[in-house]
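Protein chains in written order, with the numbering used here: chain A, 6 to 343; chain B, 6 to 343; chain C, 6 to 343.
Keep in mind the hints are simulated off the structure, nothing from the lab. There are no misleading hints in this set.
It does not matter which identical chain is meant; a pair holds if it fits inside one copy or across any two.
In silico DMTMM-like cross-links for lysine to aspartate or glutamate, where the CA-CA straight-line distance does not exceed 25 Å:
#1 K339 with E329
#2 K198 with E288
#3 K318 with E338
#4 K231 with D171
#5 K50 with D190
#6 K134 with D209
#7 K318 with E329
#8 K342 with E329
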Amino acid sequence: MKLAEIASLLGLELQGEGSGDISGIAGLAEAGPGQLTFLFNTAYKPYLKETRASAVILKKSDAAGIAINCLFSDNPRMEWARVASLFDPLPPPSGIVHAQSIIDASARMADNVSVGPFCVIESGATIGKGVVLGPGCYIGRNVSIGENTRVHANVSIYHEVSIGRDCIIHSGTVIGSDGFGFEFDSQSASLKKIPQIYSVVVGDEVELGANVTIDRGALKDTLVGKGVKLDNQVHIGHGVSVGDHTAISGNTAIGGSTRIGNYCLIGGGVGIIDNIEVVDRTEITSLTFVSRPITEPGRYTSGTGLMKNSDWKRNIVGFAKLSELIKRVRTLEKVNKP
Amino acid sequence: MKLAEIASLLGLELQGEGSGDISGIAGLAEAGPGQLTFLFNTAYKPYLKETRASAVILKKSDAAGIAINCLFSDNPRMEWARVASLFDPLPPPSGIVHAQSIIDASARMADNVSVGPFCVIESGATIGKGVVLGPGCYIGRNVSIGENTRVHANVSIYHEVSIGRDCIIHSGTVIGSDGFGFEFDSQSASLKKIPQIYSVVVGDEVELGANVTIDRGALKDTLVGKGVKLDNQVHIGHGVSVGDHTAISGNTAIGGSTRIGNYCLIGGGVGIIDNIEVVDRTEITSLTFVSRPITEPGRYTSGTGLMKNSDWKRNIVGFAKLSELIKRVRTLEKVNKP
Amino acid sequence: MKLAEIASLLGLELQGEGSGDISGIAGLAEAGPGQLTFLFNTAYKPYLKETRASAVILKKSDAAGIAINCLFSDNPRMEWARVASLFDPLPPPSGIVHAQSIIDASARMADNVSVGPFCVIESGATIGKGVVLGPGCYIGRNVSIGENTRVHANVSIYHEVSIGRDCIIHSGTVIGSDGFGFEFDSQSASLKKIPQIYSVVVGDEVELGANVTIDRGALKDTLVGKGVKLDNQVHIGHGVSVGDHTAISGNTAIGGSTRIGNYCLIGGGVGIIDNIEVVDRTEITSLTFVSRPITEPGRYTSGTGLMKNSDWKRNIVGFAKLSELIKRVRTLEKVNKP
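Given the sequences, and given the hints that come with them, work out the whole structure.
Right, dumping it as structure tokens:
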């Protein structure tokens, strides 16, 4: 692809020479000849002098004194999202239902569905137009999957789960496994299972990373709203509701029946207890433990800062005496009252 | 099902009209006409006035002044566990061994076993009566699975692992992968693998959530006791022993050779170091880091409370100076000695 | 195997009787007659008197007054790594490509490859000599896997990923899933996907535990260096680079584009933010949140120590007032200036 073609495709102003071939994109530091790069942040402008890229997408205001070929954009990150797809090696759908899959006769398969080898689709399932299932997927009884959703290899979707349209579900993800619901039975001195009879409803345009788990509900469906993005290994407990357009980073776990608002940004390794509410537009930093409801939008954190282990060992002794220390200071303040 | 039939099935006293059809159960807030709901906690009694449910299971002592049809129980949560199974859409076992599975001739398959498509059962495996294997499961050499255990789709069980009876194992779970055992070899300046030659023994009535991992042992078997319940994405290190009837919530990791007692309740996102003992009936709150043995039953926690990130930034500065602060207070106390 | 044969195989000095059969190895406490055990640490020497093992590998300096048969080694842990393989029940490769696998005609399959049932190998893949694929693996388009790498059951490897030689990859692991890259589009008020067009390069002699996830890069490849060992459920974000011979314990998550040095030791449940550098030979204790670059080798920690929940509740009140407390102490110090 010529640079001028990319400029025209994206509708961007070109400064410099448009006739060179562009074979791909790369970061400022990594890009080589024939590659297109990006200046996302004015602070990195000095690196533009060193880049070996053939062209850069940047704000016009960052372009002064730049010798390299430029495409101007008010939002280089959005252009990135658009231009990257031009070079995406993701294999296209096969457009066929592989003969080595087991599909129940009662499953409703729309047109233009791709099903890889060794998939199982149970009775009553509904697979929308343009859906792509990678090899080894399990689609349980009465599951429905909306149009153009792509399910990668080795995904397991339990009975009755509903998935929206235009979703992407990565390998190893499990949707609709039983919620963690037990009641201690004092007679047998053991935990008795509470059947998890509700299901999971995943909205449109959702992306679920690899090895995500979303449990089915006990007294109501687990809900994942429209446009939600879950990173790898996120765990969503039974009856949780995740609001529209919320993004959750890797290895975060959300306890049962908790309600997460819309447009939240939740970091990685976070734990959120069960049965609480987190309001819209809440931001939670990584490895934070959310032990109580969040009723006001804002940025929340728990934990201590990082330190040398030797310092930490001294300071945690102090932490364990904090409540006592405060009393001692109060006593001193009484003595020293002016 | 008529409400009166449910009352009779559960052996509960009915107050009101028993002839209405009950089509399902739901939470107090979500239940609609034709549904049965529950009052688990007297504090929620005001919501009973607003519920659209057709009937409620509750303590007789909570029933005064209630217009809705009632079933009385001393333990509504235990009734929930019983009544939910009446409405469970979980598909029944097929009762057949699917022709598209590869089962070694030396595997011992009991009667009434269900095996989904694309399973592999290796030589010497023993599959008990009534066992159900979902599609795509891998059952390694010499594995044994006890009666009536249900294994959902895409589970991997390595060679020599033993699973008890009446267990439930959810999709994506891996049992018997190698423990994390390496020794630094200074000659090659690299980590040398220690073969993990022991196995995993899982007791009866265990439930393992989705994408759980349980490693095989190096010098002894990894043990998961009777009635243990592990939530999704829990990681159990090699040589760990989890005592009977202990429950562990999502994304918790337990380091190698640690011994967890019976009847423990361990929250989500917890980390427990290797080679320690945690006594029976210990409770550990979510995201706690257990950095030392727990020798006394009780409830344990680490971490700080949740706060606004702006406050946190100020307070962690204080934390990093805590040991110094305590010295300063001590100095002040000496000056102010009465 | 006779004890004398083991001594000769390992080149170790034998003290005592070498004609006894050794049927396996076990820990000091667990070993029984016919088993070989180890004394890794002089502190455990008293347990040698109680062991029922038939022989022990230990340092010669620990052998004084020991009645049991001994093999002397300067490094009993390294002998353990060597001797354990003698008793490893890991099934040998089948040496065949199972007829029930789907292998594209354009895939290059070297000699002596073992492929289990229900694998899919896409076009352009290159599978090296001696590679073993367990059942149900998915090998995407143009993937390459180096010689003698063993991939256990139900692993998913996306298109273009490159895996080195002599690696071990455990079940449920996913390599090459999309990185977590989105840009907020204010026009549609939704998160727009940034295609993740780069790939993952895994070096030689790497071991990946069960249910690990490694995302493909957006602007450069994700790199896992030579000899790296990742425990179960570790998550590696897009564009991360993990240096050679680094070991990372279970459930740890590393944010995008972060560069981890060589020979690091990272504990379990750790979270490391995106876009930072962690220098060679850094040690990070479990459940630590690495919120900033680490520029100096050493041992790092965050969090508080473990305590009774009742004490914790008092102390976190203090933590939330720490910055205020420091001011109060400063005020007192002014008043008390000598």
